[in-house]
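Participant: To convert, note that position 46 of the sequence shown is 46 in the UniProt record's numbering; the numbers rise steadily by one, no gaps.
Read the hints as simulated data drawn from the structure, not as lab findings.
Heads up, some of the hints might be wrong.
Label-pair distances were calculated between CB atoms; the ranges are [unchecked claim]:
| id | residue 1 | residue 2 | range |
| --- | --- | --- | --- |
| 1 | Gln41 | Arg65 | 27 to 37 Å |
| 2 | Leu38 | Ala4 | 16 to 26 Å |
| 3 | Arg46 | Cys69 | 15 to 25 Å |
| 4 | Asp28 | Cys8 | 10 to 20 Å |
| 5 | Glu45 | Gly23 | 25 to 35 Å |
| 6 | Gln41 | Asp62 | 30 to 40 Å |
| 7 | Gly23 | Arg46 | 28 to 38 Å |
| 8 | Arg46 | Pro24 | 11 to 21 Å |
Every residue, glycine too, gets a C-beta built ideally from N, C-alpha and C.
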Amino acid sequence: MLAADNHCLERLACQFSADALRGPLHKDVASLVIYTLLRNQFIPERFKQRLRSAAHQARFSDCRRRFPCTQQRP
1 MLAADNHCLE RLACQFSADA LRGPLHKDVA SLVIYTLLRN QFIPERFKQR
51 LRSAAHQARF SDCRRRFPCT QQRP
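Whenever a hint applies, use it, and build me the whole structure from the sequences.
Facilitator: In structure tokens form, the structure reads like this:
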């Protein structure tokens, strides 16, 4: 999920910042995931910067188009 061509977590950060998630539970879970990733010392700084940038993009673009997520659910 940290690969440069995988944008699912960036999309999550963007949608969270855009307040585009459904319901308080989705928002709480997204907040916890994003916070944990940003605070984890083993996550590369360049990936953390991608998340911050995606959150910033929420003001300027459509998260779904800007960060396509093609991961299939199990």
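Participant: Now tell me if each hint is right for this structure.
Facilitator: Hint check:
no.	hint	result
1	Gln41 to Arg65: 27 to 37 Å	holds, 33 Å
2	Leu38 to Ala4: 16 to 26 Å	holds, 18 Å
3	Arg46 to Cys69: 15 to 25 Å	holds, 19 Å
4	Asp28 to Cys8: 10 to 20 Å	holds, 18 Å
5	Glu45 to Gly23: 25 to 35 Å	holds, 32 Å
6	Gln41 to Asp62: 30 to 40 Å	holds, 33 Å
7	Gly23 to Arg46: 28 to 38 Å	holds, 32 Å
8	Arg46 to Pro24: 11 to 21 Å	violated, 32 Å
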